Amino acid sequence: MGAKTLMIDGRQISAAEGVSVLAAAGEAGIKIPTLCHLDGVYDPGACRLCLVEIGGFTKLVPACTTHVAEGMEVLTNTGRLRQYRLMILELLFAERNHVCATCVSNGHCELQTLACESGMDHVRYEYRFPHWDIDITHERFGMDHNRCVLCTRCVRVCWHVEGAGTKNVAGRGRHSRIITDLNLPWGESDSCTSCGKCVQACPTGALFEKGATAGEMEHDRARLGFIVNAREKQQWIPPE
Amino acid sequence: MEAAMTLHDLQQIKERELAARKPLTLRCCMAAGCMAAASQRVLEGLEAAVTSAGLRDEVEVRRVGCLKLCCEGPLVQADPDDRLYVMVAPGDAPSIVAGLKSPQASLPQADMTAAFFARQHCIVLANSGRIDPERIEGYIAAEGYLALHEVLNEATPQDAVETMVRSGLRGRGGAGFPTGIKWGTVAKSAGVKKYVVCNADEGDPGAFMDRSVLESDPHSVLEGMAIAAYAVGADQGYIYVRAEYPLAIARLQIALKQARQIGVLGSGIFESPFHFNIDLRIGAGAFVCGEETALMMSVEGKRGTPRPRPPFPAESGLWGCPTLINNVETLANVSAIFRRGADWFAGIGTEKSKGTKVFALAGKIKKTGLIEVPMGTPLRTIVESMGGGAPDGRRIKAVQTGGPSGGCIPEQHLDTPVDYESLGRLGSIMGSGGMIVMDEGTNMVDVARFFMEFCMDESCGKCVPCRAGTVQMHHLLDKIVRRKATAQDLIRLEELCDMVKNTSLCGLGQTAPNPTLSTLRFFRSEYEALLHPDPYGPAGKTGAALFPEALEK
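Those protein sequence lines, which keep their order, are chains A and B.
Counted the way the numbering used here counts, the first sequence spans residues 1 to 240.
Counted the way the numbering used here counts, the second sequence spans residues 1001 to 1553.
In case anyone wonders, no lab produced these hints; they're calculated from the structure.
As the structure is a computational prediction, the values presented were derived from the model and not from experiment.
Heads up, the beta-carbon is just placed ideally off N, CA and C, and yes, glycines get one too.
Pairwise CB distance ranges, derived in the manner of DEER restraints:
#1 B:R1166 / A:A69: 30 to 36 Å
#2 A:G2 / B:A1243: 45 to 51 Å
#3 A:E126 / B:R1309: 31 to 37 Å
Modelling step: build the complete structure from the supplied sequences, incorporating the hints.
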């Protein structure tokens, strides 16, 4: 495979043929925001945050699904792109119920990080406050649709990494939602292998491990007694 | 499987059919519009009247496709002078039969010399209303499948592509991509397996051109697909037709069965090595599946959502194979182009838009129905001369073309010729052919809200700008209509229109703002008149409306 030389934001970069603009930029230390891209699975080009301007093209193109080409001139951070990205983030925050203060992912959420980086200090669009359920029927994991941005990373890792095909998308437009099998409660799924890849893939707190949410912290005081007993009496009796 | 079909067989079918014809015919419209007005009972009435008049040997009662003047159905066209009876009741049948032999008729008739009929130029609709869409013999008698025979025996696939390029035909689905170039790209794409797909997922509100073609002349689409398949090297075709068109589906199934039976579909067509089959795929009610990449996903049995292009279907389409996707009307033009020559076709229309275009006239207009006119016909001719203008002496305010992806063309621009470029310059598109006329009583902001609601409901939900942006734009338009919006909201709306247009993944999102943008361009004062005078909105600066109890204390 040959190497291609291209310009990204005025810097000359060389990248292997067949590599995406997103990957080539990342390699060169130029960060292009994205929510739906996940290394290891295919790119749906759905979040539209990684749109870039390419010289000679009137249309904006997603960096994740555009391959590098010789002599390509890419701009990743123009005023127009920053404005569009900010609007996309605002639309996402207004679309569902993203309440950072009570979220398991507060502080390590990709949506929150992108919003901070883009300088989003308020949302200009009216919050829709939709009613979404939380599925905590699974033994180990939970799904909070209020926090879902429909990036479909969970669907893609479930199908193409784990090969289970448990997660899918149902509904259309604003009613789109992630489902388990044929819209079963997650806990009743026959196909789920409980591998947890979807939880690891999720950019927000929509998919989480049980026990991690703010309200679920439980103190294990018996553990202290165990340690004291072990130290003082040299008895290693596990707590009840 | 019978022996291979030959030209001789084809001519024999034609001769037998013509010899069996009775001297007089009564053609009863059996397309969806007239059937909804009970034309089945009219057909039965005509049969009974012919029998009781003892004219069985002289008169044929033929079920035909669309007779075009849909607003006055049920329609019956009768010999000897092609007179068109309108709003026929089953009880009128004896008078119609009696009229076959007299120059006078007592029943209401349409004026066949009126502009509605006189200005039509029928290529796609040439057989519509003349042949029985459920009998392949009728199509063959009207020169059907001759073009396929000629192409298979006398032209190479390259010649066929060349003919299409020379004809200048452009895609009738809306975007207007040159058909010949598309064929050439698929023909050049490397691949052992290739597909031809007919996009019959017509979903624009108010559009019924493709449905009428499929209901009236399904074989013209099959022949067009077979010629296309030969040109690009495909051996399998799919017709993706929406489930909301049960009559079109039924007629396609009959047509496919007959075509396979006589051997114009299948293997070794006309004693050539070419083999081609067509299967139907029925849509499940998603507008977005008219978008070609979503359509292919649906044909493959997956969730119908679009994917980024490139790769284009011509390189990587169905199951990764090169795929040619053409619209119904595009394919219905093909056999005529091959039968009568590319130069003949290129002589019709304008410099950049060749041939004719079928439009479905609907809305606030006297004559609604199906028309086919040469490209370049002024809009005013279509809506005022042919359509008769708005009813009740009202003035036409605007014409909407291109459905939810198009725009509203105001009255002062009605002299614009209909071609791809002229409509594009006005912020609209040719679209698939829906033409909705609005009169002076129409609230243009409400029109924009209607189309935005349509796009919001039909967005597949894959990309954020379309899924969430249409919701916000609809909300803002709704706020304006309800007089709750401020000047700030109008700015937000315009910003969102620009963003959704430029960032959405597929054509649905990229064009969803068009009806709003075009009404903002030509009817901005209507938006502004609806804005709330207080820049802070109906709640006012004090927030009194939000917290009235706070003021009472």
